[in-house]
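One line per chain: the protein sequences are A and B, in this order.
If you read the first sequence in the working numbering, its first letter stands for residue 904, the second for the next number, and so on.
If you read the second sequence in the working numbering, its first letter stands for residue 59, the second for the next number, and so on.
Some hints could be false.
Straight-line C-alpha distance at most 30 Å; calculated DSSO-like pairs for lysine-lysine [what the hints assert, rightly or not]:
| # | chain 1 | residue 1 | chain 2 | residue 2 |
| --- | --- | --- | --- | --- |
| 1 | B | 212 | B | 228 |
| 2 | A | 1026 | B | 234 |
| 3 | B | 232 | A | 1026 |
None of these hints come from the bench; they were simulated from the model.
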Amino acid sequence: MKYVTEFRDAGLAAAALQEIRRTVTRPWVVMEICGGQTHSIVRHGLDQLLPEQVELVHGPGCPVCVTPLEQIDKALTIASRPEVIFTSYGDMLRVPGSGRDLFAVRAAGGDVRVVYSPLDAVKIARDNPDRQVVFFAIGFETTAPANVMSVIQAHELGLQNYSVLVSHVRVPPAMHAILGSPQNRVQAFLAAGHVCAVMGYWEYPPIAAQYGVPIVVTGFEPLDILHGLLGALRQLEAGRAEAENAYSRAVTLEGNRPAQAMIERVFEPCDRKWRGIGEIPGSGWRLRSEFAEYDAEARFPVGEIRPAESPLCIAGRILQGLARPHDCTAFGMQCTPEHPLGATMVSAEGACAAYYRYGRREAVRGESA
Amino acid sequence: MTGRRNSGSGTANALTGLPKSQPAPAPLEMQGPVCPVPLAHTQQVVLGHGSGGRMTRNLIEQYFYPPLANPDLLRGDDAAVLTSPGSGRFALTTDSHIVSPLFFPGGDIGRLAVCGTVNDLAMVGAQPRWLTAGFILEEGLPLETLERVVASMKQAADEAGVAIVAGDTKVAEKGKADGLFIATSGVGWIPTGREVGGALAQPGDAVLLSGPLGEHGIAVLAARGELEFEADICSDLAPLNALVEALFASGAQVHVLRDPTRGGLATTLNEIAGQSGLCLQLDECAIPVRPAVQAACEMLGFDPLHVANEGKLVALVRGADAPAALRAMRSAPYGAETCLIGEVLPEPAGRVLLRTGIGGLRVMDALSGELLPRIC
């Protein structure tokens, strides 16, 4: 398949791995920020091909994972209303709230529909004028343009029956939070290529300079990841700490300016709670007051929700790179993709789910021994 | 006889008590019989079709008997009475079929019902002989749709060489069934000497796959139209009994046969690994996936190894017999693209491992729940 196969070439991957082995002289801890990268690393078995000294830790960039429990509980409450058609990206359906998920709401008679794009949700609203259509607008900067576009489109169509439940998060504040933590182990970042395709990477040089960590914009295919990793390791070995672009076929320094302007028009920064991590100042987006009428939280009063997380789940430590899925006593025991205790076991991009599906290193190692 | 229904319009005003200032009703003209004659309901299914009475009889005689005609069915008794074809053992299976939309590129629910049951029988080494079909029809289903579905069942049954010898029809109220559900059972005959089953896999077995993956799942998903993507992909839906017969005729020692339907190849192979307590190791590069399916999967965040097939089989044969098995399958119906995708190892027990395209080794887990499109 064009533009995919080339970036999964075994010969080129072997050459890149050889170059990484030549470059590395001591242990390094590198965090890939995006869940899509985590998924790709374990799906292709990249982590097993790397030299022992390179430790990849999995960052908080899984939008499904970091959506706070209370937002999910709000979604469940709204989705249960008889007049509502609740629309969502597919992998949110299995994320557990306090005791239920959207599948359970659907089974109980709620009208919950999977859409691939929020613009499909707008279409549903147009086709069902007597129903209230709510879209669960979650995600990082990657999904923000499409999500705000749906609000703009609903606005232009004069739709009275469309609203969004917003739970948007941004990458740079999370990087600050991780690097600023006294427990931090991360020495370099692979920045999320799709986020940067929208936002550019002009926000990163000051972060790299402030904390002395290399930040390399990285794609998602195996060769992209090896290329980004090699860039980060070269910087680490040379004692440099710069923002670098290893995903130039999709990302420029300034990013997608029209998309940024559109986000700016509809959203404004706010403090946002991250599931498992806590509140990070300035890390979220919410609707500006001009678009307040599209705010599902205002349209459907949901009351105060005080959810409780499973005491066993260590998703927060995993999302900060302080622990790995295997370190959790519930991993693969009480917590599985069929019965997730925390969100990192749910999405294909969640570190725990990725490990569960593809990793299980002890099994793989047993075979190769 | 005109069969016109009496509208009763001549007395309506008096009954509803409308003001007397209304114009006087036109005088009632009697035109032949005025008893309401029931409509024949030749366009769509109504509850009466499931009553068990004359309407049900008419439905069976008009829509099921002519296309499916065979002596065992037409005898019309409460059960079909079948003659044993010889020495060997029976295989019996049952399956229910729900698919939306009812018609999709490459097939429909009728062909799916027949092929699904035929393939289940073939996967235990049986030669499928007889099928039964139970229909749950939703009130309002166009009878033309039923006609098309039954015709398609007949065509698939002929292709597979099976007869549909008994059936049942029920009608569910509007909104309580998605158009049409079909439940099938099938009986097949296992010739003496054939022993296949997931637990019979042996270390050293070759893993053969009869063609590219994921076409049924993606074709149905695209036809559903909910995810707003278009794909030029046809379902692989097909009866596989001739392919299985060709494999046995090759003389290869066949240990396991399985069709990777819902849950995909990954789920099927995990079942075999679990049953046999062995390890199946596959080579990702050897597993065929057509570019259109690959592209749809990349876009939606699906793994083709988890997507449903309806016309593919996996065969585990003795390693030494792999070349003969491959040759035989490649010249049989629906087997032209058969390939060797992996081997059976003694350890790690119960695992399916995948050697990835770039040389990594990972666990290939079964599908856990519903396939969900990824967020980004």
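Each hint tested on the structure:
For the given pair, residue 212 (chain B) sits about 20 Å from residue 228 (chain B) by alpha-carbon distance, which is consistent with the 30 Å threshold. Restraint check for residue 1026 (chain A) and residue 234 (chain B): the C-alpha separation of about 27 Å stays at or below 30 Å, so the hint holds. Restraint check: the Cα-Cα separation between residue 232 (chain B) and residue 1026 (chain A) comes to about 26 Å, which is no more than 30 Å; the hinted pair holds.
Hint check: no violations occur; every hint is consistent with the structure.
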